[in-house]
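All chains, please: the whole structure from these sequences, using the hints.
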Amino acid sequence: VKVRHWIKKFGVASRETDNEVEAEKLWDIRRTCSQAMYSLGNAKLNEDIVVPFKSYVALIKYTREVRDLIGLPTPTFGHAADGNFHVHIMYNRDNPDDCKKAEKAIHEVMKKVVELGGAITGEHGIGIAKSPFLSLQHSPAEISAMLAVKKALDPNNILAPGQIFEPLNVWEHRPVKVTLAWDKH
197 VKVRHWIKKF
207 GVASRETDNE
217 VEAEKLWDIR
227 RTCSQAMYSL
237 GNAKLNEDIV
247 VPFKSYVALI
257 KYTREVRDLI
267 GLPTPTFGHA
277 ADGNFHVHIM
287 YNRDNPDDCK
297 KAEKAIHEVM
307 KKVVELGGAI
317 TGEHGIGIAK
327 SPFLSLQHSP
337 AEISAMLAVK
347 KALDPNNILA
357 PGQIFEPLNV
367 WEHRPVKVTL
377 AWDKH
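Heads up: the sequence shown at position 84 corresponds to 280 in our numbering, and the numbers run straight through without jumps.
Where hints are given, some of them may not hold.
[To be verified] Label pairs and their in silico Cβ distance ranges: (1) R227 - R289: 22 to 30 Å; (2) T375 - W223: 15 to 23 Å; (3) D264 - H201: 25 to 33 Å; (4) L343 - H201: 25 to 33 Å; (5) A337 - E218: 35 to 43 Å; (6) R289 - E218: 31 to 39 Å; (7) H320 - S235: 41 to 49 Å; (8) K205 - L236: 25 to 33 Å; (9) P269 - N352: 42 to 50 Å; (10) K346 - R289: 28 to 36 Å; (11) R226 - E261: 32 to 40 Å.
Hints are computed from structural coordinates only; laboratory data are not their basis.
Cβ atoms here follow ideal geometry from the backbone N, Cα and C, with glycine treated the same way.
Here it is, written out as structure tokens:
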């Protein structure tokens with residue numbers, strides 16, 4: 197009920213259904229969103245984040261402020277029912293200035309997410325890409341405790357080596373273009 201009220205109040209595009217055929221069509225649209233964004237730039241920094249319901253509007257407004265400030269597209273979409281949003285910063289990877297702006301923008305968005313009472317990850321975990329943001333949400337003591345648990349359970353570091361506790365600058369690495377089955381239209 198709260199989500200429907202919010203959608204009506206702010207004029208956000210939405211669609212819901214309990215019809216399986218229509219639901220599959222909606223999923224097809226969702227599956228193509230990510231690929232379609234490449235019309236806005238040849239690279240993207242994207243993060244899945246979560247914010248409380250009361251912060252939805254603030255998050256969307258902030259991504260628009262970031263867009264206006266850095267001059268790069270920031271398409272954002274998500275799952276309103278659970279507060280999970282996918283924030284994208286689209287840029288030209290061949291333009292060093294764009295790369296710097298995109299990296300700064302994603303850092304600022306992640307700081308804002310924590311400020312809004314959200315979490316830096318929604319669906320996909322910390323892994324490699326979000327390890328630089330871990331300290332935005334957790335204290336050094338909390339991170340040390342997490343590392344201690346990791347070392348106790350995985351003393352040989354064979355489970356997900358190099359992730360979370362060994363941050364690297366993922367933006368220095370050029371991505372590999374992957375075509376998924378549903379992208380072949």
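Practice problem: May I ask which of the numbered hints given earlier this structure violates, with the numbers listed in increasing order? | Solution: Structure breaks hints 4, 5, 7 and 11.
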